[in-house]
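A.B. asks: These protein sequence lines map, in sequence, to chains G and L.
In terms of this note's numbering, the first sequence has 51 at position 51, counting the first letter as 1, and numbering is strictly consecutive.
In terms of this note's numbering, the second sequence has 165 at position 165, counting the first letter as 1, and numbering is strictly consecutive.
A couple of the hints might just be wrong.
[As the list claims (entries may be wrong)] Once the Cα atoms are required to be at most 27 angstroms apart in a straight line, the calculated DSS-like pairs of lysine-lysine come out as:
id	chain 1	residue 1	chain 2	residue 2
1	L	147	G	55
2	G	33	L	24
3	G	40	L	24
4	G	40	L	181
It is worth saying that the hints were derived from the structure and are not from the lab.
Spelled out, the chains give:
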Amino acid sequence: MTRVTQLAAIAFGAMAALMLAGCGERPQVVDYKQGKYQGKPDEAPYATAPFNGNKDMWERDIRNRTQNQNEYRRTGGS
Amino acid sequence: MARMKFLCDAERCIECNGCVTACKQENDVPWGVNRRRVVTINDGVPGERSISVACMHCSDAPCMAVCPVDCFYRTEEGVVLHDKDLCIGCGYCFYACPFGAPQFPQAGAFGVRGKMDKCTFCAGGPEKDNSEAEFKKYGRNRLAEGKLPACAEMCSTKALLGGDGDTIAEIYRQRVTMRGKGSDVWGWGTAYGRPEAPTAKPPGAAPGTPAAPGAKS
């Protein structure tokens with residue numbers, strides 16, 4: 001095999017590999033499912049410290065905190 | 001626990017914009033973005049009324065309905081949040097929202113519209129709770145700390161109430177009963193009704209007739 005033929009074979013092989021790479025391209029458009037949240041899942045507000053999954057404790061804290069907005073209760077007005 | 005809601009008492013709001021400032025400070029909101037603002041009706045006219053407006057975390061949110069990439073979600077507590085990694089900044093939610101809640105940062109000389117930003121009820125976003133990534137994208141996650149939104153908690157006149165819908169409606173109801181007025185803004189049901197008696201009607205209403213216009217239970 002002459003040197004020219006060898007070079008031609010290498011070039012053909014490289015081109016074939018390059019063209020085949022195009023067939024392996026992955027779709028770059030996100031496939032959205034209409035009407036369903038597509039993002040990352042969120043964790044519950046009581047999942048991490050200081051509540052560590054204790055939902056009742058979190059709800060109690062939030063309820064007490066909400067009542068801080070009621071000055072009738074804060075001042076003992078009623 | 002029911003659903004997290006905001007309720008602004010127009011009889012008490014003094015247009016101090018403290019809620020706006022608290023929100024900006026707490027969440028490090030960029031210049032030009034106002035997650036919360038105070039709207040005044042009949043400004044300068046005797047009898048003017050102000051109300052603090054932000055995302056109302058609608059039970060049937062129109063922003064969620066129109067989003068083409070479905071980046072919105074509602075948490076177990078009824079807080080409407082979105083994933084900024086998915087948002088394409090199209091602005092549909094801005095047109096759909098009756099409160100003008102969605103905000104778009106303007107970046108660069110040509111005013112390129114960035115990803116949508118809005119009130120999160122101080123509940124962060126879908127990143128890990130209280131992480132740096134969450135703070136950078138969505139602001140502080142006070143709910144995960146057992147706290148309520150900064151705007152409501154620091155309101156000087158306690159005009160802006162935030163928290164569990166039934167609880168804040170009860171606080172508002174007590175106020176209206178004590179001062180004898182102010183039920184007009186949020187309706188008869190919120191002012192005088194109770195969760196266990198959703199059919200509260202104004203005096204004189206015939207049995208079987210619907211509650212007063214705008215009534216909310």
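A.B. asks: Need the status of pair residue 33 of chain G, residue 24 of chain L: alpha-carbon distance at most 27 angstroms?
C.D. replies: violated, 34 angstroms
A.B. asks: Tell me if the straight-line CA distance from residue 40 of chain G to residue 181 of chain L falls inside 27 angstroms.
C.D. replies: violated, 45 angstroms
A.B. asks: Is the hinted pair residue 147 of chain L and residue 55 of chain G satisfied, with a Cα-Cα distance of at most 27 angstroms?
C.D. replies: holds, 14 angstroms
A.B. asks: Is the hinted pair residue 40 of chain G and residue 24 of chain L satisfied, with a Cα-Cα distance of at most 27 angstroms?
C.D. replies: holds, 25 angstroms
Of the numbered hints listed earlier, those contradicted by the structure are 2, 4.
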